[in-house]
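Q: Each chain, letter by letter, is given below.
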Amino acid sequence: QITLKESGPTLVKPTQTLTLTCTFSGFSVSTSGVGVGWIRQPPGKALDWLALIYWNDEKRYSPSLKSRLTITKDTSKNQVVLTMTNMDPVDTATYYCAREVVPAGTPFDNWGQGTLVTVSS
Amino acid sequence: DTQMTQSPSTLSASVGDRVTITCRASQSINRWLAWYQQKPGKAPKLLIYKASSLESGVPSRFSGSGSGTEFTLTISSLQPDDFATYYCQQYNSYSRTFGQGTKLEIK
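If you read the protein sequences in the order shown, they are chains A and B. Sequential numbering from 122 applies to the first sequence in the working numbering. Sequential numbering from 553 applies to the second sequence in the working numbering.
These aren't lab readings, by the way, just hints derived from the structure by calculation. A couple of the hints might just be wrong.
Partial list, derived from the structure: chain A residues whose beta carbon lies under 10 Å from chain B [what the hints assert, rightly or not]: (1) A225; (2) T227; (3) Q234.
Don't be surprised by glycine CBs; every beta carbon is placed ideally from N, CA and C.
With the sequences and hints as input, model every part of the structure.
A: Quick look at the structure:
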């Protein structure tokens, strides 16, 4: 059974750095073709892709947010970490992590439950 | 960056209806398109990948078609559980892009 779960602060202040951790089980991010991504969703709005990291440590970022994002993985802990700098109230959203499997041609086939992050002073 | 545009934004339909949602890409994405269903307070659920492949466990009343820049999601006979918001997503390029969503409401 594949599970993913996001963890991190629920409230951050403007200008602070957000660090979110995705802890997963049922697969390994060291397996060829596997990736883990982050997607966010502001309240009442659409999904917004943020970043992806693959088994070979290839990293991809949303062009509009690239300067603020860093994605890393810890294979031994089955975790992927996303940091976002200079947080602003417009970054208030539910943040999801999800698995992608390249060889199968499947995009985000398994998702975490999401974690709501509010940016407010 | 590839932009994805869904239509309509909102769709009102009744149980038993056949409905179609359209997704257009700003450039060709071959068949690298997925459809997701999202219910309030829940994570999205993958329905269709590679434009027309049905994800395991998804009812056969859901189907997808298209290639290049135009794609459709069809629900052949709406069930009460299908009223939700649907998103398309391209995964052809370096980036991943979602459409703005289509909310399927009960008429």
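Q: Hints first: check each against the structure and report whether it holds.
A: A quick look at each hint next to the structure:
no.	hint	verdict
1	A225	holds, 8 Å
2	T227	holds, 5 Å
3	Q234	holds, 6 Å
Figure legend: structure checked against the earlier numbered hints; every hint is met.
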